[in-house]
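> Build out the structure end to end from the sequences listed, making use of the hints.
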Amino acid sequence: MKMTKQYFCILCIFMMILPGLISTIHSKMNVIRTQNKLTTVEPLENAPPMMVVTTIMLGGFRGLLADILFLRLQNKKNSENFFEMVQLSEWIVNLQPRFTGAASFLAWNMAYNVSVVCKAPEDRWRWVNHGIKLLRDNALTYNLSDPLLYWELGWLYQHKIGQVLDDANRYYKVALAKEMHRIIGDGDEYFWNELSLAPLSSDQFLLALKNNRSAFEEILFKEKLTLDQLALHFRRDGKFSDSVSLKLRELNILKISDNYFRATWLRDEYRLDPALVSAVLEKYGYLDFRLPESHSLFWAHQGLKLAENDLHIKCERMIFQSLKTAFNSGKLLYFDGSNTVNTMPNVTLCDAVRNAYSDTMKRHGAGNYILSGYENFMIDAVIILYTFGLKEKAEQYLESLRDMPEISEKSRFNKALSAFVIDELSKDINNMSLENAQSTIQALILKAYQSICLHEIERANGFDMLARKVYKNYMSKMANEADINRRGLPEFQHLKVRMLQYFRSTIPENIQQVLDREITKFNQ
Amino acid sequence: MKSSDSVTGKRRIMNSLVSIAILTVQKCLRSHIFQLVFIVILFGNVFLILSLEGDGTAVGYFQILVSYTFSFTGYLLAFTAIWLGCFVAAGDIDKKQIQMVLSKPVMKVQFLLGKLAGVCLLQFVLLSLISVMIGLTLFAKLNRKNYPDHDIQRLRKNVLTASRRYSPLANTISTPARDELEEGQKRLIEIPIYTFKTWNFNKLPNLEKNDTLQLRYRMYLNSPNSDDQRSTQGIWWINNPLDKMYYPIPLVVHTGKIQEISLPAEAVSSTGELKIRYENQDQGTQSMLIPQIDGPFIFIPKSSFGNNYVRMVLMIFFKLIFSSIIGITAGSLFSLPMAIFFATSYLIIGVLIVFMRSTFPEISGSLNFLSQAACHIRMLVGYATIDLRQFYVTDLLMRGEFIELSKISIVFAKTIMIHGTLIFLTGSYFFQKRELGA
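Sequences listed follow chains B and X, in order. Going by the numbering used here, the first residue of the first sequence is number 641, and it counts up by one from there. Going by the numbering used here, the first residue of the second sequence is number 11, and it counts up by one from there.
Keep in mind that the hints are not guaranteed to be accurate.
Here are the simulated lysine to any residue pairs, SDA-like style, with alpha carbons at most 25 Å apart [stated by the list, open to error]: (1) X:K151 x B:D763; (2) B:K717 x X:L261; (3) X:K167 x B:N721; (4) B:K759 x X:Q302; (5) X:K267 x B:L711.
The calculated label-pair distances, taken between Cβ atoms and stated as ranges, are [claimed, not checked]: (6) B:N1054 x X:K267: 31 to 41 Å; (7) X:K155 x B:A1119: 14 to 24 Å; (8) B:L661 x X:K155: 34 to 44 Å.
Just so you know, these hints were derived from the structure itself, not from any lab. Backbone N, C-alpha and C define an ideal beta-carbon position, used for all residues, glycine too.
Okay, structure coming up:
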């Protein structure tokens, strides 16, 4: 018995020493593995303890277990037991963290196949979100160098949320806008540069507070909060509580604290590193991250850095398509309730879109789809720039169209700018997309308000009538209520009110007074 | 005097049974493998409860937790029951401890029955403890998760209520819907475009005015096996028994997905009858198919969740009794390793034989000799074995479907009363014949 106890003690000591020994050997083994290229994949990094344990314990059987889980997942999907799918998908990705194809399939399955069988838009959004989270929070954690995952993630934003193919697409857009609005606020432009300069960790944050560190810690003590709890409260409310906010302002550290907590929030929950976002904005121009195309562009841009061959083209395509969408409707005017999101063109992006197309054509040749896409963009750009009052720029774009050697039907562009725009508009009027219809109507309403400011009431009425005609024409194409919900325009009066608000914010006070005076005549 | 002897004899038998059962429980508790499995069950459940997240809804979380914890517990306890059954029976025989027992006025059958009672008693206590633990933890976790109110309402309405299922009367197919079709093993009802199909239900209970009943169904385009499903338009017409008129509920639903709509209590007549009809208004002018297994069914709240929960636990307990019978019988006939091999093989064959049904469904003249032989073997083994999944009713609990006493009784009669008793008696017979002195 005594011997057994001695053996037991020795065993315990040995068991305590063993992990330390293994850890040393394991690190060395990983270095040898990488240096001598013994395996095709890099050792896992950033993996949680549970995953490391299962990875090591199960060894080669992980694949087998993942297969069984995959079969169960398919089985559950067929029998509509969706409640297990998120869990099973997570387990599969954790068991086979390097198998990015499986992660992409599982995310697509949830975002596309499962979401569409749900009736309520909030249920659909939950499944789309599960797909996004699986790629962003699980698969990407272990495969930061896999461009396919970036592209797949961008695709969910661009296609599933951004397009009008899903009946609940508006709900998705509003839900995304609401989520991002809580973090980045409702300003016309958010200062991503400031966020990118925010401290990266809690230690850096406390160091950055310098002399105010102890005062800050005292605030935490008085509020009975830790730094993590304060971060949780901040994320729950989207801001500091009034009392904390007041104390931070008194210490003059409100801005730095606010930036730190927002930047951490973006990094932790959305993987949006403000420094990377800033770099994207610097390259392409300002993008509103409450809109899906900004996200798709961001992820495609990250993928582009790593992609090769076909995937490189796909990422570039996603970039110019997202930019084009942002140009057409990248300025968020307002969102409301669960189904109303109203945007207008972000005309400042036109050069960025043009450059993106040109760069792609230079690198990969002007394939048919890129050239026709470019041509369509240029025509849209001329119309939008013209209708939004940027005639010089529109003229410049039309000139470029005329000079393009690849375009065969040149006679179409050999007209005066106004004649070209009117011709294209009348052609398009019967075949307009939601974005085009919306931007055209908004541009015409803006023209009407500009005319009012110039005391040209009759001209304003003309623009107003034309806008109504385009609106009526577009809405007459709606087949039923579901179609209206999917791709219909907001009420005309609503559009007018929002454009008036926007227009007022862009003109000086004396012109605003003229507008207020004259608009009554216009309304009569 | 004679009757007093008989009472004393019965008491003696009971006393010996109880003594053997108590000794068995003590022996089981001393088994290291049992202790290990018990710890695995406890820690496994704690791990599952802590790590499972569900699909983000209260219903999803509840369903995944109930499903995983009870599947895990049920199968591990069944394994424990087999192990303990073999261990207490074969162990006593191998170590000759049985001779001490049989030297007393105890019959071999009594010995086996006492062992069975001991193992079952221990399993019952364990299962009850774990079920209470899971139930309490489940509700505690649900409260801590702070799900939105509408989510909790959905959970209460769809899961935390035990609703009884009512099927439509047979032979109530009305024209102009076409006849039923056959597709594989499934009976389908086809509703061509712009036609309707009527279903009658009877013997529905009397409901209060504010009560609602749920209509559950699933329809398909083309075929139930086709992935090509989409949204479709249609109208459910509900008969008002007062004026005999049908009132419409127009719907747009996704085919291939289970649908549920609430109907008012007034739709049920005073005699407990309900008439509904579906009119196909599909925008793609396609026929709708409804497999009979997919309804339509009427669900009416019948009992509490607690009642249903107890019934589900009871079914798991039946599984453990059956596993114990197999274990004890095998243990009484073979040495410990052989007994475990035999008992587990028997149960695994019982599960696997179900999969042979799709390959060899029925004997027909078109089958060749080998296939016919395989079919016969499949049927024979099917009669001799039991599929443990018969005891699995957790999915009914998760869907908020009332676990009928009739279902429990049928499973009990079929598995324990018939199969279990037969196996036990056969084992006892051979055990009587077995020479234990060697």
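> Would you mind marking each hint as holding or not holding in the structure?
Hints, verified against the model:
1. X:K151 x B:D763: holds, 22 Å
2. B:K717 x X:L261: Distance of about 24 Å is within 25 Å: holds.
3. X:K167 x B:N721: holds, 18 Å
4. B:K759 x X:Q302: holds, 23 Å
5. X:K267 x B:L711: Roughly 20 Å between the alpha carbons, so the hint for K267 of chain X and L711 of chain B holds.
6. B:N1054 x X:K267: 31 to 41 Å: For K267 of chain X against N1054 of chain B, whose Cβ atoms are near 56 Å apart, the range 31 to 41 Å is violated.
7. X:K155 x B:A1119: 14 to 24 Å: violated, 42 Å
8. B:L661 x X:K155: 34 to 44 Å: holds, 41 Å
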